[in-house]
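**Q** Sequence:
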Amino acid sequence: MASGTVFLLLFLSFVVVSAQSNGTRKLAGTSLIAGNASVQPWRSPSGDFAFGFHNYGNDLFLLAIWFYKVPENNVVWFAEADDDNPVLAPRGSKIELTASDGLVLRNPSGGEIWKSEPITAPVAFGTMNDTGNFVLVDTINGSVWESFTYPTDTLLPTQKLEIGGVISSRKSQGNFSLGRFQFRLLRDGNAVSNTINLPSGYPYDAYYISNTFDSSSTQNSGKQVIFDEHGFLYVLKNNGVKVNITQLSDGNPIEAYYYKATMNFDGVLTVSSYPKGSGGVANGSWKDLFRIPDNICLSNVNPIERLGSGTCGFNSICTLKSNGRPSCNCAQGYSLVDPNDEFGNCTPDFTQGCEGEEEGAANFNHNLYEMVDLPKTNWPMNDYERFPTSNEQDCKSSCLQDCLCVLAVFGGRDCWKKRPPLTYGRQDASITSVSFLKLRKSNVSLESSPDDNRTRKKQTTIIVVMSALLGCSVFVIFILLGSKCLGLFALKKEILVGTCTKNVALECNLIQFAYKDLYKATDGFKEELGRGSCGIVYKGTTEAGPVAVKKLDRMFEADKEKEFRTEVNVIGQTHHKNLVRLLGYCDEGNNRMLVYQFMSNGSLSSFLFNGDLKPSWKLRAQIAIEIARGLLYLHEECSTHIIHCDIKPQNILLDENYHAKICDFGLAKLLKVDQSRTETGIRGTKGYVAPDWFRSSPVNAKVDVYSYGVLLLEIICCRRNVEMEGEGAVLSDWAYDCYEQGKLDVLIEGDMEAMDEFVKVERFVKIAIWCLQEDPSKRPTMKNVMLMLEGNEHVSLPPCPFPFTSIV
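Heads up: the sequence shown runs through residues -19 to -1, 1 to 789, numbered per mature numbering (1 follows the signal peptide of the UniProt record, and there is no 0).
By construction, these hints were calculated from the structure, which means they are not laboratory data. Source: prediction; values computed, not measured. From the three backbone atoms N, C-alpha and C, an ideal C-beta is built for every residue, glycine too. No incorrect hints appear here.
DSBU-like cross-link-like pairs, simulated, lysine-lysine; straight-line CA separation at most 35 Å:
(1) LYS204 / LYS50
(2) LYS152 / LYS50
(3) LYS599 / LYS747
(4) LYS595 / LYS507
(5) LYS141 / LYS268
(6) LYS141 / LYS599
(7) LYS747 / LYS558
(8) LYS268 / LYS152
(9) LYS532 / LYS422
(10) LYS152 / LYS75
(11) LYS96 / LYS141
(12) LYS152 / LYS741
(13) LYS96 / LYS7
(14) LYS204 / LYS96
(15) LYS302 / LYS141
(16) LYS75 / LYS741
(17) LYS724 / LYS96
(18) LYS268 / LYS302
(19) LYS152 / LYS302
(20) LYS377 / LYS558
(21) LYS724 / LYS152
(22) LYS302 / LYS50
(23) LYS595 / LYS520
(24) LYS759 / LYS741
(25) LYS558 / LYS357
(26) LYS152 / LYS357
(27) LYS724 / LYS75
(28) LYS741 / LYS141
(29) LYS141 / LYS50
Computed spacing ranges between beta-carbons, pair by pair:
(30) ALA62 / ARG400: 33 to 39 Å
(31) LEU778 / LYS357: 56 to 62 Å
(32) THR762 / GLY583: 27 to 33 Å
(33) ASP364 / ASN39: 41 to 47 Å
Use the sequences and the hints to build the structure in full.
**A** Here it is in structure tokens:
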């Protein structure tokens, strides 16, 4: 018995010593605290790699592995949630090595954020190896979990990808969220690079293929992708044959360089080296030894099967920089949907429609549009017509006269016509084709036609789709946005009412419709979408798609029109992707109608409260950020600042992609640039009205911040602020009680997707509580709200929002 015990101890000692020879051992029970500068990360014996909390900024930390001696682009692994996005831990979070669950990450309140799994046996210790692999060790069976098995965007020397293995790009260099590109080893043995659909993760066609699949024999197909210690990346076949992915001429000494293979945020797979130098810190910079593909802008794809935008976003043009990496720029007349995402989609700055499909279309389109030459540029996808021609002008004219055509490519003998949206174009000196982009002329209005009657028909066909179900106050938007077009100008203290002239139409961008055209479009106002106290909304159908027509049954008094006369110039020119725009109107006799896009997913109120199941947490979080972005534009980015005064779920509409747009500016109040407050009567909706309205002092934009705080809690919990079940509880009160008692999980009970992102939920709740402060001076601005929502500004612990209980 004693001899057996001695043997076991000797065996365990051997295992421990073996582990220590290649790593630094950390016993079960050891822990690290995020943001604790006095505690060093767990380093490998050479000090080349470290495991611990890597500063992400704004008091957030990545649980990561990084090159400890490299000062830039040094993260090689990070903990991911189930959706492949990074786990961001707030300051004070703790990672603990446990015997039962391995690595367990908890937030400062003790809630579990992430853990290493699966763990098949009790863990004795963890070790950070000199290879960059963090290993959890069972003293009986050896390794039970390794970071190498769960790669993120990077492979390190000696690391392998098995069948089904994948590395995924980040969204950008500094944003570790899941990007659109993958490098993976398919079950057929091919290693491929491809784009994916976000957020579903569905993979699109490959733009790089290793060609290591043999349909005649599985022995000749790939079984592993290996990144060896000398910086070579290759596919190992079942028969032992190596097929190089990289084509380096000579091996490189591992003693002198660090190596990594990374799927970058721009879609280029690179093998890079960094000189180790001497001393404690490496000197130099990362150098790309190999890039896959060599020119991603020109990577070969099958245009028939290709889906997704590709390297650059839709309506963008890809060019190769001197360092071999792509640059993406919106085509002329287009702008980025997200100004912070260079590789994102672009949207047109103008509206194109089939205004001139009837008689006279050619002349009409020549008056409205022009073709812009894009030499050395090709757009290989989205063809819908092709015809032979050796005449460049014929190609250009054919697109110009075709209302469906947005771009034509002339290849010398053929002309290809393209439909929207355009997949990314490629511009390169080797391209012989020329593209012609159709743009609306800057000096021509939508009504530029020699025949007014024909113009009205054309106007009917260019309505873009928007939503309904707007309340009575929507008519004021008719005054705000339409009065300039209606001719409500004060001349010698008289109001002159007239129709929209061409010059005015250009400036206000609104279209005046004839009653008969809207009657026809709605099939005699047949299909009702919703009702408000001032009118009914009907669905119409045009060649351009469905429309929403608001038929008003009540006019505002003349003195109300005078109140908004000075405001129309500003609100009529507000343009933002998260604001709804009025497109046109009818002012004919007693008929007063407004024309909007049709928002296919209705209001946020229906989205949040009308279903048995809670909508996706990710989608709700996106909507919350988009609403904040729209309010920030109103408060700070307009030439005249605007207070909306009635933020609530009914006034947020969702388009076909569930992007949020603020609507109904009927209660809006304008502020001059140098003005921060305004005196006005109480405005808003019960449950969303800030206490400021009930005091004698003037209000400012913080009243919208308060309403947004209520709305944010409703988005988090999918419950209305008032009329909750159970003792008449008010959501804002209940949410603060849950926060104060450390029971935020009760707010999202049953919402597993939200529970998986508990840190973000907690951050959103704290932001909402800050917005709900009774004292408006304590509320953040919408700019601060945006920064906090996106994790770019620390959210401190909020005080009780209603210490005075001044309003009941």
